[in-house]
Amino acid sequence: MTELQLKVLQLLKENSKITAKEIASMLDQEVEAIEQLIQDMEADGTIVKYTAIVNWEKVASEQVIAMIDVKVAPKRGQGFDALAERIYRFPEVQSVYLMSGSYDLSVVVEGNNLKQLAEFVSARLSPLEDVVSTTTHFILKKYKENGVILNDKEKDQRLVVSP
Amino acid sequence: MNIQEKLSPQVKQIPPSGIRKFFDLVVATKGVISLGVGEPDFVTPWHVRESSIHSLEQGMTSYTSNSGLLELREEICRYMDETFALKYSPNNEIMVTVGASEAIDIALRTIASQGDEVLIVEPCYVSYGPCATLAGATPVSVPTYQKDDFKLMPEVLESKITPKSKAIIMCFPNNPTGGVMEEEDLKKIADIIKKHDLLVISDEVYAELTYGKKHASIANIEGMKDRTILISGLSKSFAMTGWRIGFAMAHPEIIAAMLKIHQYTILCAPIMGQIAALEALRNGKCEMDKMIEQYDQRRKLIVKGFQEIGLSCHIPKGAFYAFPNIEATGYEDHQFAEELLKETKVAVVPGSVFGQGGKGFIRCSYATSYSQITEALERIGEFVLPLIDKNKNEQAI
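Protein chains in written order, with my numbering: chain A, 1271 to 1433; chain B, 21 to 417.
Hints in this document: simulated from the structure, not taken from any laboratory. It cannot be assumed that every hint is accurate.
List of simulated lysine to aspartate or glutamate pairs, EDC-like, C-alpha gap at most 20 angstroms [unchecked claim]:
| hint | chain 1 | residue 1 | chain 2 | residue 2 |
| --- | --- | --- | --- | --- |
| 1 | B | 324 | A | 1298 |
| 2 | B | 310 | A | 1426 |
| 3 | B | 214 | B | 136 |
Extracted from the complex, chain B is given alone in its bound form:
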């Protein structure tokens, strides 16, 4: 039997994750300082963990409703209104998912189908393109650039729209660039989206992690709420990655349609995670603020470090990633990351893993202790300085 013939064409069509490939290489190296981790280095606050333990002691181990505990949906709606002035009904405009990742998958499967194009703002989280492909649609890359602070520019978006375009998926604050979109930027994008009658999947999982200006959501721009599937979760903001609690907020008819896929596949998010999420949203703000302050301090440390080394690095205004440009070294990003790992035992993620727009960059997470960041910067500096000199000399010749 030829197993390959039995696999679905869609699955065969999608490449394995570039991160996975690099992960194997890093795992094989001992004593690595990793700047490649895309999750907080804080453990979930104790009171959140304790609330889940307590619920287990009370025997809360059952299914919940498909769309999640009503109490949790109410709490999320209150939180989103209070924090970002986003108003949704807990009854029919929200569903709780297994992480924001599930929400992305089912949102794409709900709205996209064969023949549709889905515009993907790159660089971006690794799953958008493959999930669009699995939904039968064609992913179309919409690049963002360092010169624009990795914001989505209206003219770039407009140039990629065709009659087949169905939706756009974007993530701001962005993983991997740390780029953010301010309200003024979003208004221009919203005009184009309305003009071409597109839907938006807006992944706002890093919304709390902004430095300076408060996060602006595209769902808050006039006329956009009904067109937007807003996706978020507690993984990044409350250091709850392993609990897998995300959510989607959208028009009741879209949520009802997404719920169909969810109920036939996942059924519901685990109750222990939902209980923990409830406690985090009610009483976790103070812990979250402390984490954000630390991320901010580390952000400044790492960006200054890269600039001193001679790698140009835009100032990330959100999330917890720095995205330095490594073109001055003469290496392409995969080669750079592999050599850096081999020579200095520092792991960073090649930017092109996140799409074409990431070519020539590396993603460095600063969700790690400042002493690790300092040590990593020293090692990167020793590795990079001779390369930059060599590259300069070669170019001079």
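Bound-form chain A, shown alone:
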């Protein structure tokens, strides 16, 4: 990974709507070079997807999110990967992380309501062979996501013109 690639990634992470022309100006590069570099990083999977960070509390939504701590019995030769794959294929699963500490997998699940999530845990996740136990934590409120403060009270307080 070159320094230029890293800088482009940082700019895109900050705002995925930024154009190649703007990036080119900001990094003192040719537009075509930046376009090519972005295309290459999309093709090789470095850039996986462009999304928006949404403050769902602003939207009338009943969405429920839970973080589930899963203890598993790892299989010889497969480690945790096989079970992780079975779990991350479920469409309601948003993220799966292998963790150090008192449990093994952290699974983030989104559902339209509490019942849907309860059903996911009891009917799909817990019965999986090798799942030893689950502990479900519901997210009550999001304050910060992906480095962005969702209800940032800090506004630009500067005077419109100053010395």
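Please build the complex by placing chain B on the supplied structure of chain A, with the hints as guidance.
What follows is chain B alone, placed relative to chain A:
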């Protein structure tokens, strides 16, 4: 009673700030994109704010010594040595002030008096001339030019020196041009200053904000330390404008004299700001570097934008201002800024507010988000292109 008769002649003599006048106009316009702001758009880093909150919780609300907390003076001296190889004693060669602005005022009042001339390198921050006048001295403009990358040229300086010249005040990296002076440039200036036995007030508040080459201070040129009052502060580099923490570094006798004015007027800088400054200097480098990188990216975006529009713009190598030349539009800078505001709701500051050398330019701060810069450039482009065409046609006729 005639109030005007009661006002001091010095105060009556100085004009109100040109920025203030333009500010009133901008405030009256709704939904403005402002490139007129002379301060960082970042909020002071959280750990700095938190340290001040903690000190308040501990009941630290008292006066400090007139010259500032010893701990802070020590930290500033360490920082200036480490960053710019400037060596000063925390005991008697430094004082903490209420922003760099106070330091400029008391430096001028300390060294200048009736009959003296103070050479002011223009375009420059708006307070130098009026502060020299308030000190009783006569400000003398020393212009810098776009063709010289807004560097101070030795022959221009020499041409303005008279037997009455006492001191020169300059600011590099410069507000509003973004011009910088490199070590080689400063050596030539220092020779003239020594030859004519002048003092220097060097406002280096933008010293950290350079792109490419590291800042060079005139105080580091041989034989210049004793002649220089170096002024700086944390406002711009650490995004701490509202805390009002600046400092002056100079010969012990000059600092002692400046301290007299400071102790009878200001007494000391607020302790909560001093505590915050201590934390910024100790642990704020990483945040500062991130801000500088962003300024650099925006700088390139805005300069390229102006060049594409057809406004010639020298490449600023410091601070966070672009200073495009708007003469191609056929407008003078005040008229340009006012029309631009009216037509496109983009606020820029007319260059002549910063002195005669700024005539025909506008100051555009890029301490704002890149999306605002992009939007502002689009609007400026739509406004400027027909003007440039019209002006060209008129000149052809």
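Here is how each hint holds up against the structure:
For the proposed pair residue 324 of chain B and residue 1298 of chain A, the alpha carbon gap of about 9 angstroms is at most 20 angstroms, so the pair holds. Our distance criterion of 20 angstroms between C-alpha atoms is met by residue 310 of chain B and residue 1426 of chain A, whose separation comes to about 19 angstroms. Straight-line distance between C-alpha atoms of residue 214 of chain B and residue 136 of chain B comes to about 17 angstroms, which keeps the hinted pair within the 20 angstroms bound.
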